[in-house]
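Now for the letters of each chain:
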Amino acid sequence: RKEVEQDPGPFNVPEGATVAFNCTYSNSASQSFFWYRQDCRKEPKLLMSVYSSGNEDGRFTAQLNRASQYISLLIRDSKLSDSATYLCVARYQGGKLIFGQGTELSVKP
Amino acid sequence: EPEVTQTPSHQVTQMGQEVILRCVPISNHLYFYWYRQILGQKVEFLVSFYNNEISEKSEIFDDQFSVERPDGSNFTLKIRSTKLEDSAMYFCASSEVSSGRLEQYFGPGTRLTVT
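Protein chains in written order, with our numbering: chain A, 1024 to 1132; chain B, 36 to 150.
A portion of the hints provided could be inaccurate.
[Claimed, not checked] Taking lysine to aspartate or glutamate pairs in the DMTMM-like style, the calculated list, with each CA pair at most 20 Å apart, reads:
#1 A:LYS1119 to B:GLU79
#2 B:LYS77 to B:GLU103
#3 A:LYS1119 to B:GLU91
#4 A:LYS1119 to B:GLU36
#5 A:LYS1068 to A:ASP1080
#6 A:LYS1102 to A:ASP1062
#7 B:LYS92 to B:GLU79
#8 A:LYS1068 to B:GLU138
#9 A:LYS1068 to B:ASP121
#10 A:LYS1025 to B:GLU79
#11 A:LYS1065 to B:GLU91
#12 A:LYS1068 to B:GLU36
#13 B:LYS92 to B:ASP121
#14 B:LYS92 to B:GLU120
[Claimed, not checked] Simulated restraints on C-beta separations:
#15 A:ASN1078 to B:HIS45: 17 to 27 Å
#16 A:SER1075 to B:SER93: 25 to 35 Å
#17 B:THR48 to A:GLY1081: 25 to 35 Å
The set of hints was computed from the structure by calculation and includes no laboratory data.
Cβ coordinates follow ideal geometry from the N, Cα and C atoms, glycine included.
Work the whole structure out from these sequences, hints included.
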């Protein structure tokens, strides 16, 4: 089983839509979680951290369910500029990041 | 805003040659990492580095790989004898950690092409 698993998509949505990404992780020792976004052939850019209580940053909301080992990212009012690959990431003690395969989002006008 | 920088942006080398990839982490960060991403695949952890020594390394990081912090600002990844399968994007990352900030920030990457 993959350590961090995501639906690869692609998700094709119109501007203004709400879209949700899901992610599961297999290692309960994972300490903390993040969502990164990656544009084609560029570096992963930190979108937001996900802590036990979940958190919101503008149009983005991340949730963590440790019991189900499940993480989600909700994007409201999608913009064209949100088109990217969204990476679900687990951090282990010591700092090692384990990345999911990524979910591709394409926002169309 | 402080950034991680990497040089070169693209390196082409012949199989069997040595390459050194360079990174300048964010200045007040204490933890440094290398990751790689083969085209079309996920980002993979290679090594973490703290207090002038390797903290953890993956199975990928075999004897052909080494890391060094030669001075107060640079962090390097050396591949001694490159193989075709070493062709990938190599990302350097750094994090602060000491203040509880666990986030890692990535540099723009070096695209390594081994021919």
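Hint by hint, here is what the structure shows:
1. A:LYS1119 to B:GLU79: Distance of about 10 Å is within 20 Å: holds.
2. B:LYS77 to B:GLU103: Cα-Cα ~25 Å, so violated.
3. A:LYS1119 to B:GLU91: holds, 8 Å
4. A:LYS1119 to B:GLU36: violated, 24 Å
5. A:LYS1068 to A:ASP1080: Given that 20 Å is the threshold and the Cα spacing comes to 15 Å, the pair holds.
6. A:LYS1102 to A:ASP1062: holds, 15 Å
7. B:LYS92 to B:GLU79: holds, 11 Å
8. A:LYS1068 to B:GLU138: holds, 10 Å
9. A:LYS1068 to B:ASP121: violated, 23 Å
10. A:LYS1025 to B:GLU79: Distance ~13 Å between A:LYS1025 and B:GLU79 Cα, so the pair holds.
11. A:LYS1065 to B:GLU91: violated, 25 Å
12. A:LYS1068 to B:GLU36: holds, 14 Å
13. B:LYS92 to B:ASP121: With a Cα-Cα distance of about 16 Å, the restraint between B:LYS92 and B:ASP121 holds, given a limit of 20 Å.
14. B:LYS92 to B:GLU120: holds, 18 Å
15. A:ASN1078 to B:HIS45: 17 to 27 Å: Taking Cβ atoms as reference, A:ASN1078 and B:HIS45 lie about 37 Å apart, which means the hint is violated.
16. A:SER1075 to B:SER93: 25 to 35 Å: Hint holds: Cβ distance 27 Å, inside 25 to 35 Å.
17. B:THR48 to A:GLY1081: 25 to 35 Å: violated, 43 Å
The structure fails to meet hints 2, 4, 9, 11, 15 and 17 from the earlier list, while all remaining hints are met.
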